[in-house]
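There are 2 protein chains.
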Amino acid sequence: MLTFDTAPDRYRHWKLTFDGPVATLAMDVAEDAGLSPDYKLKLNSYDLGVDIELADAIQRIRFEHPEVHAVVVTSLKERIFCAGANIMMLRGSSHGAKVNFCKFTNETRLAIEDASAHSGLKFLAALNGICAGGGYELALACDEIVLVDDGNSAVSLPEAPLLGVLPGTGGLTRVVDKRRVRRDLADCFSTLVEGLKGKRAVEWGLVDRVYPTSQFKDAVQTRARALAAASDRPATGPGIVLTPLRPTVTPDAIEYSAVTVAFNRDKRTAEMTIQGPADAPPASGDEVVAMGDQFWPLRAFREIDDAILRLRVNELEIGTVVLRTTGDVESVVAMDRFLAANQSHWLVREIVLFMKRTLKRVDLTARTFFAFIEPGSAFAGSLFELALAADRSYMLHDDDEENAIALSPMNGGPLPMSNGLTRLATRFLDDPAKVQELLERDAPFNAAEAEEAGLVTVAPDEIDWDDEVRLAVEARAAFSPDAMTGLEANLRFAGPETMETKIFGRLTAWQNWIFQRPNAVGEKGALKAYGEQGRPEFDWKRT
Amino acid sequence: MLTFDTAPDRYRHWKLTFDGPVATLAMDVAEDAGLSPDYKLKLNSYDLGVDIELADAIQRIRFEHPEVHAVVVTSLKERIFCAGANIMMLRGSSHGAKVNFCKFTNETRLAIEDASAHSGLKFLAALNGICAGGGYELALACDEIVLVDDGNSAVSLPEAPLLGVLPGTGGLTRVVDKRRVRRDLADCFSTLVEGLKGKRAVEWGLVDRVYPTSQFKDAVQTRARALAAASDRPATGPGIVLTPLRPTVTPDAIEYSAVTVAFNRDKRTAEMTIQGPADAPPASGDEVVAMGDQFWPLRAFREIDDAILRLRVNELEIGTVVLRTTGDVESVVAMDRFLAANQSHWLVREIVLFMKRTLKRVDLTARTFFAFIEPGSAFAGSLFELALAADRSYMLHDDDEENAIALSPMNGGPLPMSNGLTRLATRFLDDPAKVQELLERDAPFNAAEAEEAGLVTVAPDEIDWDDEVRLAVEARAAFSPDAMTGLEANLRFAGPETMETKIFGRLTAWQNWIFQRPNAVGEKGALKAYGEQGRPEFDWKRT
Chain A
1 MLTFDTAPDR YRHWKLTFDG PVATLAMDVA EDAGLSPDYK LKLNSYDLGV DIELADAIQR
61 IRFEHPEVHA VVVTSLKERI FCAGANIMML RGSSHGAKVN FCKFTNETRL AIEDASAHSG
121 LKFLAALNGI CAGGGYELAL ACDEIVLVDD GNSAVSLPEA PLLGVLPGTG GLTRVVDKRR
181 VRRDLADCFS TLVEGLKGKR AVEWGLVDRV YPTSQFKDAV QTRARALAAA SDRPATGPGI
241 VLTPLRPTVT PDAIEYSAVT VAFNRDKRTA EMTIQGPADA PPASGDEVVA MGDQFWPLRA
301 FREIDDAILR LRVNELEIGT VVLRTTGDVE SVVAMDRFLA ANQSHWLVRE IVLFMKRTLK
361 RVDLTARTFF AFIEPGSAFA GSLFELALAA DRSYMLHDDD EENAIALSPM NGGPLPMSNG
421 LTRLATRFLD DPAKVQELLE RDAPFNAAEA EEAGLVTVAP DEIDWDDEVR LAVEARAAFS
481 PDAMTGLEAN LRFAGPETME TKIFGRLTAW QNWIFQRPNA VGEKGALKAY GEQGRPEFDW
541 KRT
Chain B
1001 MLTFDTAPDR YRHWKLTFDG PVATLAMDVA EDAGLSPDYK LKLNSYDLGV DIELADAIQR
1061 IRFEHPEVHA VVVTSLKERI FCAGANIMML RGSSHGAKVN FCKFTNETRL AIEDASAHSG
1121 LKFLAALNGI CAGGGYELAL ACDEIVLVDD GNSAVSLPEA PLLGVLPGTG GLTRVVDKRR
1181 VRRDLADCFS TLVEGLKGKR AVEWGLVDRV YPTSQFKDAV QTRARALAAA SDRPATGPGI
1241 VLTPLRPTVT PDAIEYSAVT VAFNRDKRTA EMTIQGPADA PPASGDEVVA MGDQFWPLRA
1301 FREIDDAILR LRVNELEIGT VVLRTTGDVE SVVAMDRFLA ANQSHWLVRE IVLFMKRTLK
1361 RVDLTARTFF AFIEPGSAFA GSLFELALAA DRSYMLHDDD EENAIALSPM NGGPLPMSNG
1421 LTRLATRFLD DPAKVQELLE RDAPFNAAEA EEAGLVTVAP DEIDWDDEVR LAVEARAAFS
1481 PDAMTGLEAN LRFAGPETME TKIFGRLTAW QNWIFQRPNA VGEKGALKAY GEQGRPEFDW
1541 KRT
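Heads up: the sequence lines are chains A and B, in that order.
Residues 1 to 543 in the numbering used here are what the first sequence lists, from first letter to last.
Residues 1001 to 1543 in the numbering used here are what the second sequence lists, from first letter to last.
Simulated from the structure, these hints should not be mistaken for laboratory data.
Small disclaimer: the values here were computed from a predicted structure and weren't measured.
Think of the CB as a built atom: it goes at the ideal place given N, C-alpha and C, for glycine as much as any other residue.
A hint or two may mislead.
Stated by the list, open to error - Cut-off 16 Å, straight-line C-alpha distance, at most; resulting in silico cross-link-like pairs (EDC-like, lysine to aspartate or glutamate):
| id | chain 1 | residue 1 | chain 2 | residue 2 |
| --- | --- | --- | --- | --- |
| 1 | A | LYS178 | B | ASP1431 |
| 2 | B | LYS1541 | A | GLU315 |
| 3 | A | LYS541 | B | GLU1317 |
Stated by the list, open to error - Beta-carbon label-pair distances, calculated as ranges:
| id | chain 1 | residue 1 | chain 2 | residue 2 | range |
| --- | --- | --- | --- | --- | --- |
| 4 | B | ALA1262 | A | GLU537 | 22 to 30 Å |
| 5 | B | LYS1524 | A | ASP38 | 28 to 36 Å |
| 6 | B | GLY1534 | A | GLU532 | 33 to 41 Å |
| 7 | A | GLY205 | B | GLN1221 | 40 to 48 Å |
| 8 | B | ALA1475 | A | GLN221 | 35 to 43 Å |
| 9 | A | VAL193 | B | LYS1541 | 29 to 37 Å |
| 10 | A | GLU78 | B | GLU1452 | 36 to 44 Å |
| 11 | B | GLY1534 | A | GLU317 | 17 to 25 Å |
| 12 | A | GLU532 | B | ALA1262 | 33 to 41 Å |
Using the sequences provided together with the hints, build the complete structure.
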């Protein structure tokens, strides 16, 4: 069973060092420490295990090192920055494993951009050598790319010409949409196995600056200090420590402190229950620092995040997740009000941004989510975002009308989806005035009110409840898993597309298609043929 | 060999009738007149042949009947509007045929919306009976949907629950993005085989109005007249006649009056050569009416459109298309100036909109396009859009500097891509000022100037030209066709996404993925199992 638990003292593939406001995250992949013994991670190529460490490092810099204002992403290997995703790993992976791998690496790169855009943490890709495929895609996620000009080091996206697949970690999208490289130059670049180096890489907009070997190290430091100078993060620490989650894992459940996931594998369903906050909110951001990672919003959302990731990679046949909450609506609203009011505090900001990323992870998870809202639940504010993220929500219309949901300021802006809109704005795409009106209501909604307001899908009464929710889950479980994945990927993201949604919608969908095509993964396909004797054999029909 | 040539007197599946400003396009599919004898087109289900007639009818209403201001789309079958794409046809089709079928039907529905948005022609879907799948997707493309309230007639998207595929003709996108149905209701609707009828279909926003059987016909007429009243099309005709194109087809070429396509099947390439206008532009829009479909812009772009369509469905292994033009740069610019200045004339408007749709068809064609610009070519204005639509353009830097390209007002707005931007604006996404500057230049660009301005990819000199273009084509031909399709689909559409690009990017890419999945098309997949004994068997792993 794969877990996402790691820490700097256990990293096998990265060295994280600190020098005042500049941290250096240096790739030094241990060839023999891949997740599987079937391949060797040569030339700083990576698998999911390498990327889990990268994601962890970025997360820790954000929470544990507020005094860090810029991160240099580089390599400790001579003349090699990174050769990209390991090809033998890809070749040996199931379709689902490839898709999950790409999804996680995409989320990690978007987390880098999220830190830059919202958290004052800037990233410098210091390419000290060959930078190919996923290596260049990692660089593309940074704010600035500098490349050593040694006559040899080049950036490249050789996936399409060499392997018959796409650069699947946002590369194509970021080249034309983030760096705004002209599409014809992008076409040339993305079909040129050897890539581009030196002055030409700058002219085409693929890197920002090149430096001769003799000046490279100094230049990297200068650029990193310049990036750090623009940060609004605290001048000094301390941060908080992200302690291990250590859930209790049994054959049919994962239990954290505030989150429980129970599996019913016969029915291919899981129930995820999130416990709302037990305590009143703290008085200040500094009190949050004192509470550290035990502060409920951070603790609960770290657990949700971890549970979703484990579900994705370890529980492939669980098609439907029922979301429940327990606790007290008012307590969630009180906590949310504290968070919304204290977003200028560095740690509160980080926590809210982390909640946002966790909810995006739910949006992007290829499982059906149904929220079941029953008396004793705590679907308010930030926890109600889970119901809004769900494909459907069922709210029990109880006779005594105690079952309630509530909105909070956290539903009004701090937790946008990857389309740039809040979940409420996406839900009521043609009625922004209604969104405002709902947010201004200073009271919970009972089931009839919630249904009338369109905040829940349906509110069956006590006579119908059991049958209705049971049948909904059973019907869902009978449908083609692939059709549900495609359906959800299209219905969840109404409204504008952003670079982020383009990466997951357009780019990833095409990549997933290619990952199924014999020209890539068949016995004679390019991904299979690479590195073996002989050339790939293609079906030449264009589709 | 499939052709796209048809006319109302040869329609097998539609009846087109006229009553003043209202035309009625009534579906009456001939069961035994499918493109293949392997299936019967029962219950107004359709195949590509049915949709070719629909596309033709819409085109003819635009050009031949300017006095028509609204179109009623309905059915002549009792209690059946349309059962959607024929399932036996889909089941028996190759992957490529399915993909091409969906692409064409999507383009046809977008042409309906284009007519409504830009040409003053409004569409009313008059659903006189069951309206399922692709039938409802056709209705979604109309401006208004009315449904008979007879206790039986429903709208539905049963593809996902019944067949394990998506509604692939824009249905999911239009439900949430055009009609802005709430995503949870859209989820319920798209998984409910029997669909929704009557008042509930109105409440959910799936149709605009329902009428009892006794009132239906009158109500349809009333609504159609109301839609027609808002039109800015001419009060009376005549229009122009779209005569058959009648190209000369030989084993290795298709020759039209202004367009020639020559195939080199060994190299899997084609050369498409477009001849620029020979004559000076006419003096007025009325002169264009007199010239009819022999007016160069309409004649040439109809031929380009037909050639692209034939290439898509008949020449599957032709991976690369070299685009050339012949003629005179100044003549194209003069013609473009006339078109741009006369867009308020109904026929000029229709011609420009048709040129736009043809160029979009090129953008969406899964083939590599390289434009070769040599002395004697006419890559100016609207023809230069072909070079801008191409994945790369090569311009010969001739010693005597006679080779030239030019821009015209047609590059500045009238021919946007499906992302809503002009090709120039997409090309220079981060530099709108440069676009303006280029458009204001009142002179051609020689090769050095064009390369410097970024208007062409590369401008090799006479010594390098032959090798460079030959190697480019040869290299392209060796790559995986699927990787090139995915690459181009991602690089061609930088910038904003629209409902239109979402349909082709997100929705279509997911559908193509599903069309490859064993859960849909495997021996036990849902598409194969439907209508046979036994239920589908799924691999339950979620991806």
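Hint by hint, here is what the structure shows:
1. A:LYS178 / B:ASP1431: holds, 13 Å
2. B:LYS1541 / A:GLU315: Holds: LYS1541 (chain B) and GLU315 (chain A) sit about 8 Å apart, inside 16 Å.
3. A:LYS541 / B:GLU1317: holds, 4 Å
4. B:ALA1262 / A:GLU537: 22 to 30 Å: holds, 27 Å
5. B:LYS1524 / A:ASP38: 28 to 36 Å: holds, 30 Å
6. B:GLY1534 / A:GLU532: 33 to 41 Å: Cβ of GLY1534 (chain B) to Cβ of GLU532 (chain A): about 40 Å, so the range 33 to 41 Å holds.
7. A:GLY205 / B:GLN1221: 40 to 48 Å: violated, 58 Å
8. B:ALA1475 / A:GLN221: 35 to 43 Å: At roughly 40 Å between Cβ atoms, GLN221 (chain A) and ALA1475 (chain B) fall inside 35 to 43 Å, so the hint holds.
9. A:VAL193 / B:LYS1541: 29 to 37 Å: Given a distance of about 34 Å, which is inside 29 to 37 Å, the answer is holds.
10. A:GLU78 / B:GLU1452: 36 to 44 Å: holds, 39 Å
11. B:GLY1534 / A:GLU317: 17 to 25 Å: This hint holds: roughly 21 Å between Cβ atoms.
12. A:GLU532 / B:ALA1262: 33 to 41 Å: holds, 37 Å
Checked against the numbered hints above, the structure violates only hint 7.
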